[in-house]
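J.: For the record, the sequence lines run as chains A and B.
So the first sequence is numbered by the numbering used here: it starts at 3 and just counts up by one.
So the second sequence is numbered by the numbering used here: it starts at 4 and just counts up by one.
Zero decoy hints are in this set.
No farther apart than 25 Å at their CA atoms in a straight line, the calculated lysine-lysine pairs in the PhoX-like style are these:
1) B:LYS323 to A:LYS248
2) A:LYS153 to B:LYS195
3) B:LYS18 to A:LYS248
4) B:LYS323 to A:LYS227
5) A:LYS227 to B:LYS285
6) B:LYS81 to A:LYS107
Calculated from the model, a selection of chain B residues having no Cβ within reach of chain A, i.e. all distances over 12 Å:
7) LEU35
8) ASN46
9) ASN47
10) GLY50
11) ILE51
12) GLU54
13) GLU69
14) LEU71
15) GLU90
16) GLU176
17) HIS221
Keep in mind the hints are simulated off the structure, nothing from the lab.
We put the CB at the ideal spot given by N, CA and C, even for glycine.
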Amino acid sequence: MKFVACINHVPDTEAKIKIGSGGNAIDRTGVNYILNPYDEFAIEAALQLKEKKGGETFAVTLGGDSHKETLRKALAMGIDKVILLKDDSVRDSFSVAKALADELKKLTPDFIFFGKQSIDYNGEQLPGLVAEMLGIPSVSTVVKMSVEETKVICEREIEGGHEVVETSYPVVISAQKGLNEPRYPSLKGIMASKSKPIEERQPIAVPSAAEVVGMQKPPSKQSGKIVGTDATAVPELVRLLHEEAKVI
Amino acid sequence: MKLLAFAEQREGKFKKSAFEVTQTAKGIADKLGTELVVLVIGNNIEGIIPELGAYGATRVVAVQEERLQYYSTMAYAKITAEVASKEQATILFFPASQMGKDLAPRIAAKLSAGMAADCTALKIESGEIIASRPAYAGKVILDVKITSPVKIYTLRPNVFTAVAINGGKVSTEKYTPQLTDADFSARVTAVKVAEGRPDVTEASIIVSGGRGMKGPEHFNLIEKLADVLGGAVGASRAVVDAGWRPHDEQVGQTGKTVSPTLYVACGISGAIQHIAGMSSSKYIVAINKDKDAPIFQIADYGIVGDVFDVLPPLTEELKKTLGK
Ligand SMILES: Cc1cc2nc3c(=O)[nH]c(=O)nc-3n(C[C@H](O)[C@H](O)[C@H](O)COP(=O)(O)OP(=O)(O)OC[C@H]3O[C@@H](n4cnc5c(N)ncnc54)[C@H](O)[C@@H]3O)c2cc1C
Ligand SMILES: Nc1ncnc2c1ncn2[C@@H]1O[C@H](COP(=O)(O)O)[C@@H](O)[C@H]1O
Chain A
3 MKFVACINHV PDTEAKIKIG SGGNAIDRTG VNYILNPYDE FAIEAALQLK
53 EKKGGETFAV TLGGDSHKET LRKALAMGID KVILLKDDSV RDSFSVAKAL
103 ADELKKLTPD FIFFGKQSID YNGEQLPGLV AEMLGIPSVS TVVKMSVEET
153 KVICEREIEG GHEVVETSYP VVISAQKGLN EPRYPSLKGI MASKSKPIEE
203 RQPIAVPSAA EVVGMQKPPS KQSGKIVGTD ATAVPELVRL LHEEAKVI
Chain B
4 MKLLAFAEQR EGKFKKSAFE VTQTAKGIAD KLGTELVVLV IGNNIEGIIP
54 ELGAYGATRV VAVQEERLQY YSTMAYAKIT AEVASKEQAT ILFFPASQMG
104 KDLAPRIAAK LSAGMAADCT ALKIESGEII ASRPAYAGKV ILDVKITSPV
154 KIYTLRPNVF TAVAINGGKV STEKYTPQLT DADFSARVTA VKVAEGRPDV
204 TEASIIVSGG RGMKGPEHFN LIEKLADVLG GAVGASRAVV DAGWRPHDEQ
254 VGQTGKTVSP TLYVACGISG AIQHIAGMSS SKYIVAINKD KDAPIFQIAD
304 YGIVGDVFDV LPPLTEELKK TLGK
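Work the whole structure out from these sequences, hints included.
T.: Structure below.
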């Protein structure tokens, strides 16, 4: 069987984000990039399923040369083969999805894992887009999964609970925290990842369907009122919430 | 050009987001001088449809059958895309809820539509919608313009207002889709709902606890306050990772994004990843014994003090004020 993890390379959450001179993208200088945190769950899910069922694992990313770093991390965690759809241009989710779907069609995977969301643009779009383009089922924000003969049973997060979803494969699964505990790359894995090949391919070109026309810092909130330094401040806090903010 | 709003219901009850999406869509439709169609999918939904009138809906398309009792990605996507095409609706609004976020991308692929996800504001410039949405953990706000003929927007719950007005009459039309077994090849077989408090993404008040609560046994202080306020219990990642609280209460970048009217942070330092999930709250109260904790930079009201001294009298005082 074939298990694919689609992964992304994103700014570290601690990174200071500055708006670039063009006004519609961030200034990348000095920004540290990492494997998208949710995609570690996707990689781990692919690895665990291969350990159970046998087969081959792949990681695919679309991006520039810098994305190789993220593919090396996938190799270090134990992924067998990695593919870079090399493209430096600005694409929206629709365009990335088209290119990924095109590549995935050729790979014919049984399971395609995504992270729930990229922590840069926070779109939560790719899993559903790609699944629809491939014409296969998808289950998003999955926190639990079991695979029987032909059946796949997932639990996905919803407001105030979980939905139990029964499906089959091939299938697209987007991983939410809780699905598994991503492994740390072993020293051996890290060493081996350095010499493994990264397959580079040219993704199909598809025009974007949405564009970023502006970028602003959020309005800075002025620091609020310190009402007091102990329990004696409680009545005043309650009064403010009731009379000034009118939220209770 | 028409505007289609997806009104989410579960178990025959509208989500608050259904009203937010309807009313926001109505406002945009009026500005663009176009018609609004509201779509409701489910089973046993006829009785609730008139509720949408108070939020500006005049025409509703209802799709009703037993197999649609539970949400089903592929069937709901097929129906929505069909209705949008039939109505020639080219602007589609969804809630950025667990249902809307799952559904909208599949429809985007069907209709070759660009999408702006999790929008927090919408404006119109030269007849075009410009959507604002937070990115990079809320460190910047993007203005997004969709260039494809069909355009999809998902709206962050609790951000857009839903104020009931003296509603007019709603006319309902039924639509009967041709659904096959393949449309249910991913099928919800059960819904496990946690009883009791509301979910953090839906609550208008959240009381959250962090490592400053010192241990899981002290979260009863958080729960009592939440219950007096009719709110939800939230948590920082530190306490979820420690196993003190379940993951579905986690607020932040790797947890949930929330926009309540009131967010009370107790013993939470205010790390950037936590703030990413709650900075769009309308009012923020922080209780922390470290006056330099970053949470105070975004709090509207703060008490620099010990949660164990402050929470019990706060709960009592609120009980009095609320007459409980
Ligand atoms: C990739 C990534 C993703 C992350 N995602 C999230 C996320 O989704 N959500 C999230 O919350 N974090 C997230 N984090 C973690 C985040 O960086 C912080 O570590 C975390 O938010 C800290 O939780 P805390 O405020 O409870 O604990 P701490 O930072 O330890 O703060 C505890 C606070 O309690 C105060 N305190 C202690 N005792 C008392 C007392 N008796 N009375 C009053 N105050 C007291 C202290 O002054 C301190 O400010 C993420 C980190 C990374 C790297
Ligand atoms: N450039 C990319 N290449 C491959 N996979 C990606 C890329 N961007 C995002 N993904 C995957 O899609 C998921 C959801 O991303 P998004 O829709 O951008 O929030 C991520 O968690 C990744 O698994």
